[in-house]
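These protein sequence lines are chains H and G, in that order.
Just so you know, we're using the numbering used here here: the first sequence kicks off at 1 and counts up by one.
Just so you know, we're using the numbering used here here: the second sequence kicks off at 1 and counts up by one.
Source of the hints: derived by calculation from the structure; they are not laboratory data.
Quick reminder that beta carbons are idealized off the backbone N, C-alpha and C, glycines included.
Check each hint, because a few of them may be wrong.
[Claimed, not checked] Taking CB as the label site, the calculated pair distances span:
#1 Glu-312/G / Ser-139/H: 25 to 31 Å
#2 Asp-142/H / Lys-142/G: 42 to 48 Å
#3 Ala-179/H / Gln-60/G: 28 to 34 Å
#4 Gln-178/G / Glu-286/H: 34 to 40 Å
#5 His-455/G / Gln-257/H: 42 to 48 Å
#6 Glu-162/G / Gly-90/H: 51 to 57 Å
#7 Glu-241/H / Met-1/G: 46 to 52 Å
#8 Lys-142/G / Ser-139/H: 41 to 47 Å
[Unchecked claim] Straight line, CA to CA, 20 Å or less: simulated EDC-like cross-link-like pairs of lysine to aspartate or glutamate:
#9 Lys-201/H / Glu-312/G
#10 Lys-88/G / Asp-178/H
#11 Lys-88/H / Glu-301/G
#12 Lys-293/H / Glu-224/H
#13 Lys-142/G / Asp-142/H
#14 Lys-142/G / Glu-73/H
#15 Lys-201/H / Asp-104/G
#16 Lys-89/H / Asp-333/G
#17 Lys-84/G / Glu-186/H
#18 Lys-490/G / Asp-203/G
#19 Lys-199/H / Asp-203/G
#20 Lys-89/H / Asp-104/G
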Amino acid sequence: MSTQVPETETETEAETDVEHSEPLAPAQEERMRKKAEGRAEREERARREAEERANAEEDTYHLKVFRFDPEVEGKQEPRFDDFHVPFKKGMTVLDALIYARDTFDSSLTFRHSCRQAICGSDALFVNGRQRLGCKTQLSDLDEPVRVEPLPHADVEKDLVVDMDHFYDQMEAVEPYFDADELPDGELEEQRQSRANREKVKMSTRCIWCGACMSSCNIAAGNNEYLGPAAINKAYRFAMDEREGEDRKQHRLNIIEQENGVWRCQTQFSCTEVCPKDIPLTEHIQELKREAVKNNLKFW
Amino acid sequence: MYEHDVIVVGAGGAGLRAAIAAQEEGADVAIVSKLHPVRSHTGAAEGGINAALREGDSWQDHAYDTMKGSDYLGDAPAIETLCKESPKEVIQLEHWGMAFSREDDGRVSQRPFGGLSFPRTTYAGAETGHQLLHTMYEQLVKRGITVYDEWYVSDLAVTDEERPEDRTCHGVVAYDIQSGELSGFRAKEGVILATGGLGQVFDHTTNAVSNTGDGVAMAYRAGVPIEDMEFIQFHPTSLPSTGVLISEGVRGEGGILYNSEGERFMFEYGYASNAGELASRDVVSRAELSEVNEGRGIDDEYVHLDMRHLGEDRITDRLENILHLAKDFEGVDGLEEPMPVKPGQHYAMGGIETDENGETCVGGLYAAGECACASVHGSNRLGGNALPELIVFGKRAGQHAAGKDLGTAEIETGQQGEYELGEVDTPVQPGEVEPAGDAVADGGVAADTGSLSGHDVVEHAVKRERARIQSLMDRDDGVQHAEIRSDVQKSMTRNVNVFREEEGLKQALEDIAEARERYRDVFVKDPSRTFNTDLIQTIETRNILDTAEAITLGALAREEFRGAHWRAEAQERKDDEWLKHTMLSWNDGTPELWYKPVILEGEDKEYEPKIRSY
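Please model the entire structure based on the sequences and the hints provided.
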């Protein structure tokens, strides 16, 4: 399914009795039924309390959060839920989501772990742009803050998308170091110049969050396109002077194929959304130049 | 049921290294992890990897520094193994392409770190863990090792002989977070726990939300003793509002700590007259809180870490990541102003008792990395010693589980060598809430598995776990885990922090007992089987309860001041009485306290406990 749903916003989180389109195991079915009972009332109460609190405290932030669950009645049709979260200085989108989940609705689902922009779990579509939830200050955003899953990926539930395609592309570029030969001594390192380390440094900062891939129009229309993150990964190795010339040839062959670097139309959308400031488009352009040089060499 | 020779639980540094090592020994290995490997918290490590690589340094010096840093509670065979093998493992990472910072001659860079007598901390900017994690995951991809990612291991399949030393681990039970499928994973040769930290026991921590002590709690409940749990490292430089870590590398490069009076307090108040800011972490954390307690903190909460004098070039070259973290998470520009910092929970020195081959006393069960306790760090870990622990002991556990002969371990595990039983006066009965037999949802207890085959032991565990999950899911009202978790975290931070007093520790035990009582009524509100994080976090919260209690029990029992463990009632290190490890056995729900001696006898010398000053 696409995340670009027609807006069927609903202010209620109440779920009515469940009728499943797919048969469920009896235990699960019973569970769903029992939980649905009484939930409407309970959630209505919680929502009223939350709203009262929101009215009482001026300093709240209004979030509109995308909801979808293939299994749960009332969530099978994508919708947006409203949450009013008390604001504290320094609060991020992730903090607000955690607050909403822990206080209002424990079924609100999103990936997160490190809270410091290194695990790459919480790339989201916030106010129309790919951002890491943990690295985005609420105070930088206009209200209501609209939080959606990454576009151009299948939604599993709420803000969680299927990352398999992203991982497949990353792994398609043979993303591992492979030197022709290593120093003899097991305690002897390969030498690398500071300049060369500097050259690959930004490319090694990728946290696999998927923001770039989600922002890329080309990737959206062509599932075979390697995409900015994977090409950046290829760049990281192709530019590393510790690998040999044959290996570099092989790497250029990979990124030069039909769905490699030449698909990029230098729109810079990936570069703009990268939370680690990796110059993705420049890396892709540089690989194009390398590929051309390489072909001239054999011509 | 899935079946492999070796199952590794967790995919951070230790788990990845273990899997690679096991595969190199010819085993069919798979990783089961609640996060995709690149999401693991190893990626957040900043400072570096200690290794004696250079002329003028030696593994013996590294071992001496580590033993001193441990306040003589590390075991010499484990420490010496770490220090001897770390250089080879660091170079192995370089051979796998890791992007270390470089010197002009092209060799890997090293820098000074707290408590080290030589600048042996090998680093990649202030993002060493990220580089290490990704480099190792790349090698995993290269080797085609199977990863079951976003599968949450919720229990171990261990037999139930009376003595834990007679038990065997045959696999694990895991829950597929994406689909809600529960399945057994049979491990024919061994299970390696590499589940990382337990920082979520506290509410101000540098640890990830996922660091919930799962491995420690599961092993503990399966009968494996857990060791030295009271020793929790509070890192001196975490950002006050979020707990985000500011690397010790800042002080390693010359960063200075100031109080509200602008005094360089580490020197001016004599906390560490020689090493100053580069004293061991426990020393610096206590100094900072003492300053705050004496009214010289800023906003009564934190102190300042200033690196401006290092200059923009050096900062950008070696500490660039710190600029981003300070800006993004505290709104401070480290080039223009000092950064606010305060102590935050950072690392658990204790954990699952293992020997230097990563083996526990339960047959076929291993542990490596932060969840394990060999013990390398004793009562205080030195900065830069966690990453080498991951790769050295991850590798050894992987090799041993896959059948490689690593020689007989010198460290004995379980109650089979020299040990003594202990006693501690607690205000409430710790452990399982009665009646244990009915408490299926509460983690359950082992049933009679004496005559079962390995396959059946796993099946049996799956059945037990299915009942537990069903019971959590079936309740349609009760308490939500988030309330329980939050109360325990707050109590732990209030009562079991840097400075500990008997009264506070007892209060924490009472709070935990109350939380256990409430956990009996915990319910999962989300009825879905798709990505039910409500369920996962509810199970994690049970693990937080068990580890929080173990930390507090150890802290109450140990009436001395050693390393990271400070007691108001006992202001000195007592070597006559306390040169021993605190051990806790779950004992089917009635925790048993016991002690085993520290091994100070090294390969060619005895480490003599000395006054520890910096």
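**Request:** Please work out if Lys-89/H and Asp-333/G have their alpha carbons no farther apart than 20 Å.
**Result:** holds (17 Å)
**Item:** Pairwise hint evaluation, Asp-142/H against Lys-142/G, where the allowed Cα distance is 20 Å at most
**Value:** violated (45 Å)
**Asked** Can the suggested window of 42 to 48 Å be confirmed for the beta-carbon pair His-455/G and Gln-257/H?
**Response** Given range 42 to 48 Å: holds, Cβ gap about 46 Å.
**Asked** Do Glu-312/G and Ser-139/H keep their Cβ atoms within the hinted range of 25 to 31 Å?
**Response** The hinted range 25 to 31 Å holds for Glu-312/G and Ser-139/H, with Cβ atoms some 27 Å apart.
**Asked** Between Lys-293/H and Glu-224/H, does the CA-CA distance stay at or below 20 Å?
**Response** Given that 20 Å is the threshold and the Cα spacing comes to 25 Å, the pair is violated.
**Asked** If you draw a straight line from the CA of Lys-201/H to the CA of Glu-312/G, is it 20 Å or shorter?
**Response** holds (18 Å)
**20 Å Cα cutoff - pair Lys-201/H, Asp-104/G** = holds (16 Å)
**Prompt:** Are the Cα positions of Lys-84/G and Glu-186/H separated by 20 Å at most?
**Reply:** holds (13 Å)
**Asked** Can the restraint linking Lys-490/G and Asp-203/G be considered satisfied, given a maximum Cα separation of 20 Å?
**Response** holds (6 Å)
**Message:** For Lys-142/G and Glu-73/H, compute the direct alpha-carbon distance and say whether it is at most 20 Å.
**Reply:** Not satisfied, since the Cα-Cα distance of roughly 43 Å exceeds 20 Å.
**Prompt:** Taking 42 to 48 Å as the hint, is the beta-carbon distance of Asp-142/H and Lys-142/G inside that range?
**Reply:** holds (45 Å)
**Prompt:** Taking the CB of Glu-241/H and the CB of Met-1/G, does the distance hold inside 46 to 52 Å?
**Reply:** Distance hint for Glu-241/H, Met-1/G holds at roughly 47 Å.
Hints 12, 13, 14, 19 and 20 from the earlier list are contradicted by this structure; the remaining hints agree with it.
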